[in-house]
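A.B. asks: Turn these sequences into a full structure, and let the hints steer you where they fit.
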Amino acid sequence: MAYNLVVLVKHVPDTKRVTCDAMRDDGTVNRSSLPMIFNPEDLHALEMALSLRERYGGRVTVLTMGPPQASERLRESLERGADAAVLLTDRRAAVSDTLATSYILSAAVRRLAAERSVDMVLCGRQAIDGDTAQVPPQAAEKLGWPQITYVDSVEEVAGGRVRARRNTGSGSERVEAPLPCLLTVTDQGPEPRPPSAKRIMAVKKYRTRAELERETFEAMPDASADGRDAEVERRAERLEARGFLIAQWSLDDLDVDLAWCGRDGSPTKVKRIQSVVLTGSGFKKVEPDEAGVTGMIHELIQDHTIS
Numbered sequence: 009m010a011y012n013l014v015v016l017v018k019h020v021p022d023t024k025r026v027t028c029d030a031m032r033d034d035g036t037v038n039r040s041s042l043p044m045i046f047n048p049e050d051l052h053a054l055e056m057a058l059s060l061r062e063r064y065g066g067r068v069t070v071l072t073m074g075p076p077q078a079s080e081r082l083r084e085s086l087e088r089g090a091d092a093a094v095l096l097t098d099r100r101a102a103v104s105d106t107l108a109t110s111y112i113l114s115a116a117v118r119r120l121a122a123e124r125s126v127d128m129v130l131c132g133r134q135a136i137d138g139d140t141a142q143v144p145p146q147a148a149e150k151l152g153w154p155q156i157t158y159v160d161s162v163e164e165v166a167g168g169r170v171r172a173r174r175n176t177g178s179g180s181e182r183v184e185a186p187l188p189c190l191l192t193v194t195d196q197g198p199e200p201r202p203p204s205a206k207r208i209m210a211v212k213k214y215r216t217r218a219e220l221e222r223e224t225f226e227a228m229p230d231a232s233a234d235g236r237d238a239e240v241e242r243r244a245e246r247l248e249a250r251g252f253l254i255a256q257w258s259l260d261d262l263d264v265d266l267a268w269c270g271r272d273g274s275p276t277k278v279k280r281i282q283s284v285v286l287t288g289s290g291f292k293k294v295e296p297d298e299a300g301v302t303g304m305i306h307e308l309i310q311d312h313t314i315s
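If you're matching positions, the sequence shown starts at 9 in our numbering and goes up one per residue.
Rather than coming from a laboratory, the hints here were simulated on the basis of the structure. Owing to the predicted nature of the structure, the values given are computational and were not obtained by experimental measurement. Where hints are given, some of them may not hold.
[Said to hold, decoys possible] Straight-line C-alpha distance at most 30 Å; calculated DSS-like pairs for lysine-lysine: (1) K279 with K24; (2) K24 with K277; (3) K292 with K24; (4) K150 with K277; (5) K150 with K292; (6) K24 with K212; (7) K24 with K293.
[Stated by the list, open to error] Estimated spans, in silico, between C-beta atoms of each pair: (8) E164 with P229: 49 to 59 Å; (9) L107 with L308: 47 to 57 Å; (10) D195 with T276: 23 to 33 Å; (11) R182 with Y64: 15 to 25 Å; (12) P229 with A10: 24 to 34 Å; (13) D234 with R118: 32 to 42 Å; (14) D195 with D272: 29 to 39 Å; (15) P202 with S180: 22 to 32 Å.
We put the CB at the ideal spot given by N, CA and C, even for glycine.
C.D. replies: Below, the structure written as C-alpha cells:
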C-alpha cells in the first residue's frame with residue numbers, strides 16, 4: 009500500500025555563526041544578519057519519508073512556513089528526492105510563536121489532506137533556532153492525530169498502523185499508532201542522503217511566485233507595477249506549464265482565524281534580553297610534557313580539587 013507523506017521543514021539561522029546583531033530589541037531574531045540553513049533534524053525526517061516511499065510507494069510533499077528565502081530549502085528537498093513542495097509565506101504570520109506556528113501548519117496539513125489524503129506527517133524533533141520541540145506535538149494535537157515522538161526508525165507500516173522505535177534517553181521502546189499519525193524524528197534517524205546531481209539540474213529552474221516577483225523587480229526596476237505584475241504572471245504560467253512552479257500559499261489560502269496567527273496569536277513574549285560575555289582570568293599554562301602534567305596534578309591535590 010502506498011502512503012502520502014508530508015514533511016514539515018524549517019529555514020533556520022545557522023546558530024554556529026551567531027553574531028552580536030542576531031537579536032532585535034524586541035526579542036525577535038534578526039534573520040537577515042545570519043546565514044540560513046536547513047534545520048538539521050528536519051533532514052533526518054525528510055530521509056525517513058523518502059525511505060518509506062521507497063519501501064511502500066507513495067508521495068512525499070515538503071511544506072515550510074517562512075519568508076520567500078525559504079524557497080531554497082524547498083528546492084533542496086526536491087533535489088534530495090521529494091515529489092512536491094509548498095511554501096507558506098505571509099507577513100501576517102511573522103513572529104509567530106510555537107502556538108501560532110502549530111495552528112497555521114495544522115491548517116496547511118488539513119488543506120493538503122483535503123487535496124490528497126495524508127497518512128503521516130514527519131518533522132524534525134526540534135529546530136535549532138528555538139529548541140522548544142513544541143511545534144510538532146502542538147500540530148498533532150490541533151489535527152487530532154496520534155503522535156510518536158523521538159523516533160529514530162520506522163519498523164513497519166501495515167494494516168492502517170505504524171510501528172516505530174523511539175529513543176527514551178536511557179534506551180528505546182517500540183510504539184504503535186493508527187494512521188494518520190505525526191512522527192518527530194531525532195538526529196539518530198536515517199542519515200540524510202546528499203542531493204542528487206541529476207535532480208539538482210532538474211530543479212534548478214523551479215521557482216516560487218515570491219522569487220519570480222523579486223527576480224522580475226530586479227530585472228525591470230523602472231517598469232510600472234502593472235508591467236511587472238504582467239511579467240510575473242507570464243513567467244509563472246510558463247513555469248507552471250513545465251511543472252516548474254513551486255506551490256505558494258498565504259494565510260488567505262487556509263481556513264484560519266487571523267487572531268490566532270502572527271504576533272496577535274502568540275502569547276509568548278520576550279521580557280528581557282541579556283548578553284552573556286564569558287571572560288577568562290587566572291589561567292596558568294601547563295607545558296605538554298611529563299614535568300608539566302606532574303606539577304599540575306600536585307597543585308590540584310594541594311588545593312583539594314582532586315584527592
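A.B. asks: Now tell me, hint by hint, if it's right for this structure.
C.D. replies: Here is what the structure says about each hint:
no.: 1; hint: K279 with K24; in the structure: holds (25 Å)
no.: 2; hint: K24 with K277; in the structure: holds (25 Å)
no.: 3; hint: K292 with K24; in the structure: holds (28 Å)
no.: 4; hint: K150 with K277; in the structure: holds (22 Å)
no.: 5; hint: K150 with K292; in the structure: violated (56 Å)
no.: 6; hint: K24 with K212; in the structure: holds (28 Å)
no.: 7; hint: K24 with K293; in the structure: holds (28 Å)
no.: 8; hint: E164 with P229: 49 to 59 Å; in the structure: holds (56 Å)
no.: 9; hint: L107 with L308: 47 to 57 Å; in the structure: holds (50 Å)
no.: 10; hint: D195 with T276: 23 to 33 Å; in the structure: holds (25 Å)
no.: 11; hint: R182 with Y64: 15 to 25 Å; in the structure: holds (19 Å)
no.: 12; hint: P229 with A10: 24 to 34 Å; in the structure: violated (47 Å)
no.: 13; hint: D234 with R118: 32 to 42 Å; in the structure: holds (35 Å)
no.: 14; hint: D195 with D272: 29 to 39 Å; in the structure: holds (34 Å)
no.: 15; hint: P202 with S180: 22 to 32 Å; in the structure: holds (27 Å)
When the structure is compared with the earlier hints, violations turn up for hints 5, 12 and for no others.
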